[in-house]
Amino acid sequence: MEELQFQLEKDKPAKLQYYWYIIIIRRKDFNLNKTFAMLISFLLVFLFIIPISDANAAGSSTVTTKIYSYKGQKYVQIIGGEQKVIDKINKTLKIHAVNAAIQNTYLKKQQDYFYWNTTAQTKYNQNNLLSIVYTDYNFRGGAHGYEEVTTYNYDLTTGKRLYLNQVVQTNKQAVNLAEGIESDLKSNENVFPESFYNFPLSNTSSFYYQNTGIVLVFNPYEVGPYAAGFIEVKVPFSKIQSELSRPFFDLNKNSIQELKSGRIPGFENISFGQTKAEVSKALKSSDREPYYEPEMGGLFWIFEGVEYASFNFGEGDTDRLDHIYLSWKTLPMKTFSDIEKILGKGQKGVNPDIQEEYLLSYRFGDTRVHFASNSTEGIIHGITISHY
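Residue numbers for the sequence shown follow our numbering, beginning at 1 and rising by one.
Since the hints were derived computationally from the structure, they do not count as laboratory data.
Listed below are the simulated BS3-like cross-link pairs for lysine-lysine, each with C-alpha atoms no more than 25 Å apart in a straight line:
| # | residue 1 | residue 2 |
| --- | --- | --- |
| 1 | Lys172 | Lys345 |
| 2 | Lys66 | Lys123 |
| 3 | Lys234 | Lys123 |
| 4 | Lys160 | Lys234 |
| 5 | Lys160 | Lys66 |
| 6 | Lys172 | Lys239 |
| 7 | Lys74 | Lys109 |
| 8 | Lys341 | Lys172 |
| 9 | Lys91 | Lys74 |
| 10 | Lys74 | Lys108 |
| 11 | Lys345 | Lys253 |
| 12 | Lys94 | Lys109 |
| 13 | Lys84 | Lys160 |
| 14 | Lys239 | Lys186 |
| 15 | Lys239 | Lys284 |
| 16 | Lys94 | Lys66 |
| 17 | Lys260 | Lys348 |
| 18 | Lys66 | Lys91 |
| 19 | Lys91 | Lys71 |
| 20 | Lys123 | Lys239 |
| 21 | Lys172 | Lys186 |
| 22 | Lys172 | Lys234 |
| 23 | Lys123 | Lys74 |
| 24 | Lys160 | Lys341 |
| 25 | Lys88 | Lys123 |
| 26 | Lys71 | Lys123 |
| 27 | Lys94 | Lys108 |
| 28 | Lys84 | Lys123 |
| 29 | Lys66 | Lys84 |
| 30 | Lys345 | Lys260 |
| 31 | Lys74 | Lys88 |
| 32 | Lys160 | Lys88 |
| 33 | Lys172 | Lys281 |
| 34 | Lys71 | Lys94 |
| 35 | Lys281 | Lys260 |
| 36 | Lys341 | Lys260 |
| 37 | Lys253 | Lys348 |
| 38 | Lys88 | Lys66 |
| 39 | Lys91 | Lys123 |
Put together the whole structure using the sequences plus the hints.
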């Protein structure tokens, strides 16, 4: 018996599964010639495609995107989906191009060879999440122009624009994000060495989604030279959501009572009045060479693996813990406003010892806490905790 057999494997695109069945045409049974039998076989293959919805598939979105131009400036528009949501997003995406056109007109009035140019692209459009990246280039003379990225991330079910604080919703996740960025920057030879430990990170930092994580985008000069262009750093969701193996400054509603009692929130088994040996044991780490900070009480000790914190014990091993300084990496992406939502209203003022530094200060019993920033709305870059 002569038979023609076709077998196509199961295929699984975004939100549909297709099962391709074995189709067998028996020449004897159907009394068909070979050419006609092959034609019938292929027709039957498509007739037997069975779509099955799959909630777990990494699906495509219900919307599509298209590039348009406004006075030479590119912008993205969304097609499909709920009209009210789409209109809200499209309005914002077009405004970017309108503003770019205004800037271009302004620059050309200054010099005819000055200009502003905007391009746009869709980076992610799946799982009801949309990431659009705009690149603005402006030239005002000199050796080269300046490039800057702006990202627009949206929840397509609500039309809400998403920022980093929607990705990292706890301080633990923010610390993990900062660690992931630091690790990636260290592996990039184009990054300034000083940027390994000090890079800009805020709720408004540019990023876009991928299936397994997010990609942060740094503009030229932010962490590397102009020649390096935009530097991208990928941080997996698995890193952001992982458990921390080291202490971090864990501020919450219970922190006030902990600080009143001389304990450090997030630093388990560490409290003021301990010796250097006791702190070393609690951190499970040995100390390194100290550095001198006269305005803050003298010698500050750093422990292996806890470089973001330094501890002041006075001048000898038997002296007690009096001051702790924490870098921004123990409390990333936080402003004075964020702190006041947790600890209540604090006292704001200018730091008399450091130019252009502002402080948000609290006193809880014998413990004083000072959060430092370059402005009253800026990101906190340091925390000092003292016990008197």
